[in-house]
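Since each chain comes alone in its own frame, lean on the hints to assemble the complex.
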Amino acid sequence: MIYLDNAATGFPKSDAVGRAMQDALVSCGNPGRSSHTPARNADRVLFRCRELLAERFGSTPENVVLTKNATEALNFAIKGLYRPGGEVLTSTLEHNAVMRPLNALRAAQEITLKQFRVDLTDDGVTVENFRIAAGERTDMAVLTHASNVCGRILPIRAMRDAVKREDLLLIVDASQTAGHIPVDIRALGADVLCLPGHKGLYGPTGTGALICNPERVPYFRTLIEGGSGIESRAVGMPDALPERLEAGTQNVCGFAGLAAALAEFRFPDREQSLFRLLLRELRKKNGVRLYGAPTDDAAAEKYVPVLLFNRGETDCESFAERLASREIAVRAGLHCAPAAHRALGTLETGGVRVSLGRGNTPADVQYFLDALR
Amino acid sequence: MNWILVLSSVTYALKAQELLGKRQIYSSLTRSAAIRKVRGCGYGLRVAAGDRLRAEQLLREAGIRVLGTVEDR
Numbered sequence: 001m002i003y004l005d006n007a008a009t010g011f012p013k014s015d016a017v018g019r020a021m022q023d024a025l026v027s028c029g030n031p032g033r034s035s036h037t038p039a040r041n042a043d044r045v046l047f048r049c050r051e052l053l054a055e056r057f058g059s060t061p062e063n064v065v066l067t068k069n070a071t072e073a074l075n076f077a078i079k080g081l082y083r084p085g086g087e088v089l090t091s092t093l094e095h096n097a098v099m100r101p102l103n104a105l106r107a108a109q110e111i112t113l114k115q116f117r118v119d120l121t122d123d124g125v126t127v128e129n130f131r132i133a134a135g136e137r138t139d140m141a142v143l144t145h146a147s148n149v150c151g152r153i154l155p156i157r158a159m160r161d162a163v164k165r166e167d168l169l170l171i172v173d174a175s176q177t178a179g180h181i182p183v184d185i186r187a188l189g190a191d192v193l194c195l196p197g198h199k200g201l202y203g204p205t206g207t208g209a210l211i212c213n214p215e216r217v218p219y220f221r222t223l224i225e226g227g228s229g230i231e232s233r234a235v236g237m238p239d240a241l242p243e244r245l246e247a248g249t250q251n252v253c254g255f256a257g258l259a260a261a262l263a264e265f266r267f268p269d270r271e272q273s274l275f276r277l278l279l280r281e282l283r284k285k286n287g288v289r290l291y292g293a294p295t296d297d298a299a300a301e302k303y304v305p306v307l308l309f310n311r312g313e314t315d316c317e318s319f320a321e322r323l324a325s326r327e328i329a330v331r332a333g334l335h336c337a338p339a340a341h342r343a344l345g346t347l348e349t350g351g352v353r354v355s356l357g358r359g360n361t362p363a364d365v366q367y368f369l370d371a372l373r
Numbered sequence: 001m002n003w004i005l006v007l008s009s010v011t012y013a014l015k016a017q018e019l020l021g022k023r024q025i026y027s028s029l030t031r032s033a034a035i036r037k038v039r040g041c042g043y044g045l046r047v048a049a050g051d052r053l054r055a056e057q058l059l060r061e062a063g064i065r066v067l068g069t070v071e072d073r
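Note that the protein sequences, when read in sequence, are chains G and B. Just so we're aligned: 235 in the numbering used here is position 235 of the first sequence, and the numbers increase by one with no gaps anywhere. Just so we're aligned: 40 in the numbering used here is position 40 of the second sequence, and the numbers increase by one with no gaps anywhere.
Since the hints were made in silico from the structure, they are not lab data. The structure presented is a predicted model; accordingly, all values stated were derived computationally and were not measured. Keep in mind that a hint or two might mislead.
Unchecked claim - Here are some of the chain G residues that sit facing chain B, going by a computed Cβ distance under 10 angstroms:
hint: 1; residue: PRO31
hint: 2; residue: SER35
hint: 3; residue: GLU110
Claimed, not checked - Some chain G residues well away from chain B (every beta-carbon gap over 10 angstroms; in silico):
hint: 4; residue: MET1
hint: 5; residue: PRO101
hint: 6; residue: ASP123
Unchecked claim - Here are some of the chain G residues that sit facing chain B, going by a computed Cβ distance under 8 angstroms:
hint: 7; residue: GLY32
hint: 8; residue: ARG40
hint: 9; residue: ARG50
hint: 10; residue: PRO61
hint: 11; residue: GLU62
hint: 12; residue: GLY229
hint: 13; residue: GLU231
hint: 14; residue: VAL235
hint: 15; residue: PRO238
hint: 16; residue: PHE319
hint: 17; residue: GLU321
hint: 18; residue: SER325
hint: 19; residue: ASP370
hint: 20; residue: ALA371
Cβ atoms here follow ideal geometry from the backbone N, Cα and C, with glycine treated the same way.
Isolated chain B (complex conformation) (with noise of 0.2 angstroms):
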C-alpha cells in the first residue's frame, strides 16, 4: 500500500522528492484525484506505507509543509 503527501505545488513537490531521495526514500510525484479532493488540482508525492512517517517528519523539518496525506488506493 501507498500513501500520497500532498504538497502545495509541483514545485515544492519536486523540492521535496529530490530531499527525500537523497535519504533513500523512494517517492513518485502524482496528481491523483486524491489530491484533487484536498486542493482542487494540485500535486503529491506517492511513498511506501513503510516510509510515510519518516517522510513526513523529514519534510517538516525542511520546512516543506505536508498539506495533507491520503490513502493511495
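Just chain G, with the same shape it has in the complex (with noise of 0.2 angstroms):
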C-alpha cells in the first residue's frame, strides 16, 4: 500500500504507540478519581500526555486540554469563547470544523461572520486582507493554520500583529501544521491551539487537544458537564483547566499511544524534498491540473506537503478508486472544506488530494506518478 492520505491519518502508526495502548488497557482504571494503582497509572498517563504536548506547543501541561480530536477542540474554543453579539472573522480556507461551529452560531444570531481572502500567492496581500476585515467589533478570530486542501500556510503570526489588538481572540487550528512544521502557541500570538493527535503525530484517532497559551488563558463556557473528579460538591463544572472541558473518563489508552508518539517523535526529513519532486513532476503531466499549488520550488516552503489535482475530465471520486485499486491511497471530494473548494474554484468539481507523511520515500512518489499514465 503506498499511503498518501496523511492528511486524514497519519499512517502507519508506530508499534511503540500500540504497546502504550495495550499497556494502558491492563494497567489503566479510571484517571482523576480514586487513590488506587489502576487509577494512579491512568493519572500519570494523562500527565505525561499533557506534558508532552506542552512542550512541543509552548505551553504547560495544565493549559492541556485532552479531547478526543481537533473538531472537539474548536468546538470547545469557538462556543466557549464567542461574546454573544460579537463579530468572528476567518478565512477562505477553512474546514467545516470551523465553518460548522460558527455557521451554527451565526444561525442562532449569536454571533456575525466575516470572511477574507486567502492570497495564495502573496502572504502580504493575506495579512492586508486579514488587517482590514478586522474591524473594531471584531472579538474573534478563528483562523487555520494550513489549508487541509491546498497545503497554503497562513502567516499567522504576521496577521496577528498586523491587526495591533490584545483584546482580539485568536484561535488556530493547527490540524495540518502540528507534527509538520515547527508550531508554537507564544511565537504564533494566538490564543488557543486547536490540534489533533493521529494526524502529523501519528497517534490513534480518537485523540486531540486543546491548548491555551500560559500567558492569557481565557475562561471557558462548558459544553458538556459531568463528573470530574474534583469539586464534586460544586454545581457546575471546576473553573481550572483542564479539568473545566474534560467532563467524564477519558480516553486513556488513545492518550497513552499519542504520549508514545511524542515521545519518539522528531519532524519528517525528507516530506518537503518528496514534496518538491511531485510537484515538479505533476507539473509535467499532460491532463493534471493544479489546484492552489505552490508556483515554484521556492514557494513550496510556505506549504506542508498536500496537493489537490484533477486528471483530465475524470471524476475525482472515480479517479482515487481507481488509485485504490493500484492500493495508492488518496483522498477525493471536498475534504470536509467546502469554504476551501470554492475559494480554489473546485466546488463543484472537488478534487483527488495526495498528502504525504513521514513513511513515505521517493518510490512510493514514483509509484504514485506512474500510476498517474
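Next up, the structure:
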C-alpha cells in the first residue's frame, strides 16, 4: 500500500504506539477519581501526555485539554469563548470543523460572521486582507494554520501583529501543521491552539488537544458537564483547566498511545523534498490540473505537503477509486472543506488530494506518478 | 507528622509533585478526607512536616496555587 492520505490521518502508526495502548488497557483505571494503583497509573498517563504536548507546542501541562479530535477542540474553543452579539472573522480556506460551529452560532443569531480572502501567492496580501477585515467589532478570529485542501500555510504571526489588538481572541486550527512544521502557541501569538493527535503527530485516532497560551488563558463556557473527579459538591464544572472542559472518563488508552508517539516524535526529514519532487513531476503531466499549489520550488516552503489536482475530465472519486485498486491511498471529494474548494474554484468538481507523511519514500512518489500514466 | 497541601486538580498535583521531586522534596498524591472537607473531592500532596513551608514556597514561586493546608492525622 502506498499511503498518500496523511492529511486525513498519519499512517502507519508505530509499534510503540500500539504497545503503549495495550499496556494502558491492562494497567490503567479511571483517571482523576481514586487513589488505587490503576487510577494512579491512568493519572500519570494523562499527565505525561499533557507534558509532552505542552513541551511541543509552547504551553504548560495544566493548559492542555485532551479532546477526542481537533473538531471537538475547535467546538470547545469557538462555542466556549465567543461573545454573544460579537463578530467573528475567519478565512476562505476553513474546514467544516471551523465553519459549522461558526455557522451554527450565526444561525442562532449569536454572532455575525465575516470572511477574508487568503491570497495563495502573496502573504502580504493575506495579511492586509485580514487587517482590513478585522474591524473594531471583531472580537474573535478563527484561522486554519494550513489548508487541508491545498496545503497553504497562513502567516498567522504577521496577521496577529498587523491587527495590533491585544483583545482580539485568536483561535488557530493546527490540524495540518502539528507534526509537519514547528508550532509554538506563543510565537504565533495565538490564544488557543486546536489540533488532532492522530495526523502529523501519529498518535491514535480519537485523540486531540485544545492548548491555551499560558500567558493569557481565557475562561471557557462549558459545552458538556459531568464528573470531573474534583470539587464534586459544586453544581457546575470546576473553573480550572484542564478539568473544566474534560467531563467524564478520558480516553486513557488513546492518550497513552499519543504520549508514546510524542515521546518518539521527530520532524520528518524528507517530506519537503518529496513534496517538491511530486510538484515538479505533476506539472509535467499532461491533463493534470493543480489547484492552489506552489508556483515554484521556493514557494513550496509556505506549504505543508498537500496537493490538490484533477486528471482531465475524470471525476475525482472515480479517479481515487482507480488509484485505490492499485493500492494507492488518496482522498477525493470536498475534504469536508467546501469553503476552501469554493476559494479554489473546485466546489462543483471536487478534487484528488495527495498528502505526504513521514513514512513516504521517493519510490512511493514514483509509483504514484507511474500510476497516472 | 505529615501535612497535606490541597491543590485544584490531579493535573496540578502531578505538576507540583514533579516540581518538588526535582528539589528533593518527597511527596505523595492523596485524596484524603481532609481534602474532601475543603473541596468536596480533590487532590493533595502529602509532605513531611519539615518540608511543608519550603514546599509551599516553591509551589507559590512556580505559580501553583495551594488552596489550603491540612494536618494529616
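Does the CB of PRO238/G sit less than 8 angstroms away from some CB of chain B?
Check passed: Cβ of PRO238/G comes within 7 angstroms of chain B, closer than 8 angstroms.
Hint validation: GLY32/G versus chain B, beta carbon distance must be below 8 angstroms. Holds or violated?
holds (5 angstroms)
Does the interface hint hold: is GLU231/G within less than 8 angstroms of chain B, judged Cβ to Cβ?
holds (6 angstroms)
Let's test the interface hint: is any C-beta of chain B closer than 8 angstroms to that of PRO61/G?
At about 6 angstroms, which falls below the 8 angstroms cut-off, the nearest Cβ of chain B leaves the hint on PRO61/G intact, so it holds.
Closest C-beta approach of PHE319/G to chain B relative to 8 angstroms, hint status
violated (47 angstroms)
Hint status (Cβ of SER325/G to nearest Cβ of chain B, threshold 8 angstroms):
This hint is violated: SER325/G lies away from chain B, its Cβ roughly 48 angstroms from the closest one there, beyond 8 angstroms.
Beyond 10 angstroms from each Cβ of chain B, as asserted for ASP123/G
The claim holds: ASP123/G sits with its nearest Cβ about 36 angstroms from chain B, beyond 10 angstroms.
With chain B as the partner, please determine if ARG40/G meets the hint condition of a C-beta pair closer than 8 angstroms.
Hint on ARG40/G: holds, closest Cβ of chain B at ~7 angstroms, below 8 angstroms.
Go through the hint on VAL235/G and say holds or violated, using the shortest Cβ distance to chain B against 8 angstroms.
violated (11 angstroms)
Taking 10 angstroms as the limit, does the beta-carbon of SER35/G come near enough to a beta-carbon in chain B?
With a minimum Cβ separation of about 5 angstroms from chain B (threshold 10 angstroms), the hint on SER35/G holds.
Restraint: GLY229/G near chain B, CB-CB cut 8 angstroms. Satisfied or not?
Where the cut-off is 8 angstroms and the nearest Cβ of chain B is about 7 angstroms from GLY229/G, the hint holds.
Hey, is MET1/G genuinely clear of chain B, shortest beta carbon separation above 10 angstroms?
holds (39 angstroms)
Hints 3, 14, 16, 17, 18, 19 and 20, counting from the list given before, are not met by this structure.
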